[in-house]
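Using the hints, put the two chains back together into the complex; each one sits in its own frame.
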Amino acid sequence: MQKIKPFDHLVLILGSLFLCLPVVLALMSSTHGAVDIHSNGLYLTPGTEGWETYKKVLTHRGGFTGDVTGLLMLGNSLVMGLGFAVGKIVLSMMAAYALVYFRFRFATILFWMIFFTLLLPLEVRIMPSYQVMADLHLLNTYTGLILPLLASATGTFFFRQFFRSVPDELLEAARIDGAGPVKFFLDVLVPLSRTMMAAIFIIMFIYGWNQYLWPLLMTTDESFYTLMRGIKSILQVWVGSQIPDYNEAFALAVLAMIPPVAVVVIFQRMFIKGLTESDK
Amino acid sequence: MANLSLKGVGKTYGGAQQAAVTGIDLDIADGEFIVLVGPSGCGKSSLLRMIAGLETISTGEVAIGGRVVNRLDPAERDIAMVFQNYALYPHMSVRDNMAYGLKNRRTPKAEIAQRVEEAARMLELGPYLDRKPRALSGGQRQRVAMGRAIVRQPAAFLFDEPLSNLDARLRVTMRMEIRRLQKRLGTTSVYVTHDQLEAMTLADRLVVLNGGRIEQIGAPLEVYRRPASTFVASFIGAPAMSLVDAQIENGQLLLERYLLAHVGNAPGPVTLGLRAEELRIGPAGIPMRVEHVEELGAQRIVHGMIGAQRLSVADGSGAPLSETVLVSVDPARLNLFDTATGRRSELRLTAAQAPLPV
Ligand SMILES: Nc1ncnc2c1ncn2[C@@H]1O[C@H](COP(=O)(O)OP(=O)(O)OP(=O)(O)O)[C@@H](O)[C@H]1O
Ligand SMILES: [Mg+2]
Chain A
1 MQKIKPFDHL
11 VLILGSLFLC
21 LPVVLALMSS
31 THGAVDIHSN
41 GLYLTPGTEG
51 WETYKKVLTH
61 RGGFTGDVTG
71 LLMLGNSLVM
81 GLGFAVGKIV
91 LSMMAAYALV
101 YFRFRFATIL
111 FWMIFFTLLL
121 PLEVRIMPSY
131 QVMADLHLLN
141 TYTGLILPLL
151 ASATGTFFFR
161 QFFRSVPDEL
171 LEAARIDGAG
181 PVKFFLDVLV
191 PLSRTMMAAI
201 FIIMFIYGWN
211 QYLWPLLMTT
221 DESFYTLMRG
231 IKSILQVWVG
241 SQIPDYNEAF
251 ALAVLAMIPP
261 VAVVVIFQRM
271 FIKGLTESDK
Chain B
1 MANLSLKGVG
11 KTYGGAQQAA
21 VTGIDLDIAD
31 GEFIVLVGPS
41 GCGKSSLLRM
51 IAGLETISTG
61 EVAIGGRVVN
71 RLDPAERDIA
81 MVFQNYALYP
91 HMSVRDNMAY
101 GLKNRRTPKA
111 EIAQRVEEAA
121 RMLELGPYLD
131 RKPRALSGGQ
141 RQRVAMGRAI
151 VRQPAAFLFD
161 EPLSNLDARL
171 RVTMRMEIRR
181 LQKRLGTTSV
191 YVTHDQLEAM
201 TLADRLVVLN
211 GGRIEQIGAP
221 LEVYRRPAST
231 FVASFIGAPA
241 MSLVDAQIEN
251 GQLLLERYLL
261 AHVGNAPGPV
271 TLGLRAEELR
281 IGPAGIPMRV
291 EHVEELGAQR
301 IVHGMIGAQR
311 LSVADGSGAP
321 LSETVLVSVD
331 PARLNLFDTA
341 TGRRSELRLT
351 AAQAPLPV
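In order, the protein sequence lines correspond to chains A and B.
Residue numbers for the first sequence follow full-length UniProt numbering, beginning at 1 and rising by one.
Residue numbers for the second sequence follow full-length UniProt numbering, beginning at 1 and rising by one.
Okay, chain B solo, but in the shape it has when bound (with noise of 0.2 Å):
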């Protein structure tokens, strides 16, 4: 168990333009369970396997439990690693995939087998320690791939998008497992994904990247809340962040002609981040023209135009739809964005007016 810290790291692959990853600082605190998040090839990968030792770091520097590892092996890093396909070793059985690692340390024999049983125990993989891993479903498969990594009792878990080759009703119980796992263990980690939702239920602090770059760390609902970005307000959420152009003129906060709030930003063009379930759809506010609904049982998300703008409304009521709905929205929770940069700017909301029934 250790603290990890990353100062500057960045990626150029040899032979590649640009850089994969760039100047990522980050401190992750010991027994944090860390979240990369971001679309594909924006870097996470490439990130943890520099940390991993994978990958030759082209700058920075990567620091587990303070001791900078940069020139390391991975295996003297004291790093686990999961991967996407499992890369169990096809030919050993359960109990000596899982032992594989600590056997390679001359760990003592009776050592390795009491924590191979105890993690077989934990993962209730006890029936299949004899078996060989083709014959394990996919599930079973990820959990010795998990096991491998627990024996090893290491300083940091790395996982790289292990759930994705799993079916949507296994994600989920096996995302609870891992999440569960972890805590008990205490074992700092940090996990890749592309998947916000995993992201969101796993992480105690989720960092955003985009094109190589950090676009946002904080805990989840923070993240969700503030969005630091429109990028990050697009990716993190589903349904997505609604993000739409608005005006500030004379201290008014203008979506399509439509007074929002009075605010005492500069004026000019900005974008306004609206998240589905802050917005209502009610006897007074702004017609929408419904487009098309999408019903999820709990609530349905309405979608629909307010002049040229998309918007996204979650509605619990269930009540019949007309074709135009009224919608109205707490100005507290607006979340504005520079419309040239689309950073996060912060709304400064004139006191006396706040809140105002749109």
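Okay, chain A solo, but in the shape it has when bound (with noise of 0.2 Å):
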């Protein structure tokens, strides 16, 4: 191991403040007025009207309807982000189990299949989904916003990996003792797969959590915003005779970086875990 000297501490401070540094920059021009960010610019000390602005946007109805809320539109995002990552977890941990282990025809093609729509992103075909929820009335709904995105190709292709990575013996020794399909899959692989199902819960929450276009489309109805259309819908509604009330977008954004931080703080631990101490 080679020794660690001053300049290599320099490099990772100097990294990781540049990398802190926007954050902290919200943080921070989120505890000012609106008027003072917008004739001083962005703050890198503490101001004093945190509070009353983190109240305001929590609290606030503001919108058209006057109905939406900070709050509202944090459980929105919150209903968004682990309805996206349990449902992906869920679809493509059973799609995996039935391509790796039951024998059925064009199994892998299918496989070959759902691997390709990888390469389809999610605006290529906005329109025909848009379409298809449009006929089913599931606009203005959580099924809505959610169900169509659940397939996961990069999920499905995760968990076929790791199927296919654990011993057959596993399967036979539990044929011999007496559990069948459902039970192999309940008492064996999903236990077997923690460390598989915390790293996607990871991505996927991320994911879900900052999806702006789809919603943006599939929801008029204002009960369905999610913070990121809060945070646009901000600097939107001012903008013209007023100052954007730049704070309250700050803080917004600060309050949507908590989640994802705290997702990957709790997961990663068990996912770094589950790799040091491999369970196979």
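One or more of the hints may lead you astray.
Take a look, some chain B residues computed to stay more than 10 Å from chain A by CB distance [unchecked claim]:
#: 1; residue: SER5
#: 2; residue: GLY53
#: 3; residue: ASP73
#: 4; residue: ALA75
#: 5; residue: PRO90
#: 6; residue: GLU111
#: 7; residue: PRO127
#: 8; residue: ASP167
#: 9; residue: GLY218
#: 10; residue: ILE248
#: 11; residue: TYR258
#: 12; residue: PRO283
#: 13; residue: VAL325
#: 14; residue: ALA332
According to the in silico footprint, chain B covers these stretches of chain A (three or more CB under 8 Å from chain B) [said to hold, decoys possible]:
#: 15; region: 163-170
#: 16; region: 176-183
Derived from the structure by calculation, the hints contain no laboratory data.
These numbers come from a predicted model, not from an experiment.
The C-beta atom is built at its ideal place from N, Cα and C for all residues, glycine as well.
In structure tokens form, the structure reads like this:
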């Protein structure tokens, strides 16, 4: 191992400062008034209006209908993130299970077809997807927000690779022990996949949390607004005669950061633990 | 506990040209310990897995306890299997590993606990019951795998090379432990190995397989003493039986023109099987050129040539060896094989001259 020199520390410190700076700027600026920000630019020091700003952002009823609070948007984003993560994990695990453990014809072709959809991002099929949801009368519902995006080629691929690495004898032992397909899945595969699930949960939660385009299209009812749209609308609504509420936008952005960070922190520990003490 | 009966059992894998296993007829008595032995790829595992229900049976019939099980799931066959790589559930404690099969069978909780305790006591696994398999040594894992089989109290145990992942010493102790347990429980067992020593020491009866067919069935000593073919002769026993080309002419059995015995067999070329320990180095006999000597401690194995024929002789004397030694054998201990087919044929010594000091 090489000895660590002061210069190495310097590089690291500069690097982390560089990465942290925007976050700190957002956090600090959110505690100042909108006018101050407008005239003085961003702040690196804490201000005095933080408490009010955050309270207002979370509870103030805004929007055209006057019903949308930050809390509601936070909740909507959470529903999106959790729905995405859980739904994608459940669906792709089951798909991978079928692909790996059941000998049905065309399994390989089916797998490659699923895999192929990786090449087609949401934007490519957004109009047909919208059409389908509209025909099913699922616009302005949580189902409509989450369901069409649940199929996950990435997740299916990862779980497939993982299941294939599980030794066959485990399945055979389970068969002799009287575990049917469902029992084997629930009692053996699911517990063994914990680390995989944690990893995919992190990725998918953040993916769902950050969704912007799809909710924008799918929901016209303001009660389905997510945080991402909220931030945008704050900046939009007041554009014109007034100064935009920069402080509120920053506060929302800071709030929007907390759940993904929490998810990463919580699941990362599980993830790393799983990596170090191999379970197979 | 039950008897097992195989009738004309065969297996052809999908897409394979040749059958992996053909025409296996075998009756296994209740409580018997049967060892399937043979070289790699001879179909031992395939046969065992057909009994277990992990592979479909292509032809023939397998019955456990008089009940034909061809179409039953592994779980319904009332068997337990021990795998080479143990196949323990990595995320379950030792206790749960053993209890899993019973739980799935809806055995009452109290009974599960009692059976697991008992198996743990028998296998000295008590202190490890709450550990995960990864925190156990190879030998302990092997014992857990056995415990998982024992708690089920099945009609038969099936073992597929359960000891081959262990080091040599542990293999010997585990071998004895398996034998002891099996005797104590009296459960019918089928054990697959390619290690002929393991086969000899464990089996009530040996089944030697070659190319998917049964080469010989018999008690270990019987197979050792009277191998049914040159294949069995060379496979069972260490050092392997020496197989040499000999001639029968005018009622004389000749090895490289040296007279071994007077026989009543038909004249012609034959293959002769000689066990190392049946050969003696002495003051009289056929001259053998010594090639090299393996010291084993208690005895040594002398490898040499008589003419163009290679021979191994066990010698316990420890006396210094000259370049050429004289080797003799009791004619009654000779094994005669048909050179063309490799099958055993009985040596008919003409009584008057036997035994002949060659
Ligand atoms: N799933 C399979 N599909 C096709 N062929 C197979 C399959 N399993 C085994 N075979 C073939 O069947 C033959 C017997 O295999 P088997 O595994 O029974 O041998 P074995 O005696 O157990 O050998 P080893 O001592 O190496 O374990 C081999 O020629 C093998 O290639
Ligand atoms: Mg095998």
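message: Of all the hints numbered above, which does this structure not satisfy? Sort the numbers upward.
response: 2, 3, 4 and 5
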